[in-house]
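A.B. asks: Given chain A's structure and the hints, the job is docking chain B onto it.
Residue numbers (my numbering), protein chains in the order written: chain A, 1 to 195; chain B, 196 to 338.
Calculated directly from the structure, the hints in this document are not laboratory data. Computed from a predicted model, the values in this text were never measured in an experiment. Errors might be hidden in some of the hints.
[What the hints assert, rightly or not] Pairs of lysine-lysine, DSSO-like flavour, derived with a Cα cap of 27 Å:
#1 A/Lys165 <-> A/Lys90
#2 B/Lys204 <-> A/Lys33
#3 A/Lys165 <-> A/Lys70
#4 A/Lys141 <-> B/Lys204
#5 A/Lys33 <-> A/Lys90
#6 A/Lys59 <-> B/Lys221
#7 B/Lys221 <-> A/Lys33
#8 A/Lys59 <-> A/Lys91
#9 B/Lys204 <-> A/Lys165
[Stated by the list, open to error] Selected chain B positions facing chain A (Cβ under 7 Å, derived; list incomplete):
#10 Phe222
#11 Phe226
#12 Val266
Every residue, glycine too, gets a C-beta built ideally from N, C-alpha and C.
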Amino acid sequence: MDDAPEIPDEELVARTQAGDPDAFDELVLRYSKRLYGLIYNMTSNHEDTNDLLQEVFAKAYRSIKGFQRKSSFYTWLHSIAVNMTINFLKKRGRRQSTSIDDEEAGLQFDKEFLEATEGSDPRREANLSELQQRLNEALQKLSHEHRAVVTMFDIQGMPHAEIAKILRVSEGTVRSRLFYAHRQLQNYLEEFIKQ
Amino acid sequence: MGDELDISKLLRQRRFIEPPPEYFDKFLRDFRRRQRAELIQRSAWEIFWDRIASVAPHFRVPQYAYAVIAVMAASASTFILTRPAPVTNQVAVAEAPATFSLTSPKPVTIGDTRAVSTRPTGPLPSHYVLPSRPVSNEQPLSF
Chain A
1 MDDAPEIPDE ELVARTQAGD PDAFDELVLR YSKRLYGLIY NMTSNHEDTN
51 DLLQEVFAKA YRSIKGFQRK SSFYTWLHSI AVNMTINFLK KRGRRQSTSI
101 DDEEAGLQFD KEFLEATEGS DPRREANLSE LQQRLNEALQ KLSHEHRAVV
151 TMFDIQGMPH AEIAKILRVS EGTVRSRLFY AHRQLQNYLE EFIKQ
Chain B
196 MGDELDISKL LRQRRFIEPP PEYFDKFLRD FRRRQRAELI QRSAWEIFWD
246 RIASVAPHFR VPQYAYAVIA VMAASASTFI LTRPAPVTNQ VAVAEAPATF
296 SLTSPKPVTI GDTRAVSTRP TGPLPSHYVL PSRPVSNEQP LSF
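Chain A extracted, bound-state conformation (with noise of 0.2 Å):
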């Protein structure tokens, strides 16, 4: 981790918008981590997930001029990439794209996740890999609309209000929105429970 105090968003972003191709690089790297999830967990497709975040950043590129800066940049960028991503899903239809999996994909959990599970029995293990590969198919049962709001608050963490701003809805729309996505994964994976 660098000791240099990292530089704000909206400083990337004036330098950006005055011409400076760099600041954007910055900004790239600072959020491509981050979409990359999101993405990935609205596609399940590693491939799509690539060709998306590089569209993602591009059209935010084209556009940042017409920034205004009424939202936060994290804000703007993630209803691009929320926006494009389910413009994506609408076009791909019911086109099945989750043959690669997570493995295949060359995608891992990272060190965090790994010391979590470290030390726990093989057989544990398999349940819970297999238990992911089930969720990773009920998430894909779910119309876009849901999994973005499950995404988004259950697996980035984001705040209802963000997610709001970002889907512009209210927030009571995100809740009911949630409630309804958990009560579906629920019914989804009861069977594979009671195995």
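C.D. replies: Here is chain B on its own, set in the frame of chain A:
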């Protein structure tokens, strides 16, 4: 919670899924390369359109402006559809002799040029005989 599955806890674990560390450096390189390629390939029109599209959502148009525009458009179309057809002089033009034209190469003949003796007999067309020399205010020519 007993048998009940903690969905939130399971979902939180998905936070830790990520690509290998080298992915993000490669991603940035790919992004720069793509940006350069895009700049070369995109036409001036596309660049202009993108600029407009990025700025347009931030235009502040008062809500009543849309209503005013709609009313003006409705009035204009009503006026166009209901106005009476304009009166034209097409009939008069059609009935006019086509032979008369200032640019016509043929000489224009007015009246009957045949000798009186050769004209078919019958009542002469009405004509006027001047009783005397026409009155003129001009001075007679004197040399």
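A.B. asks: What hint numbers does the structure not satisfy?
C.D. replies: 12
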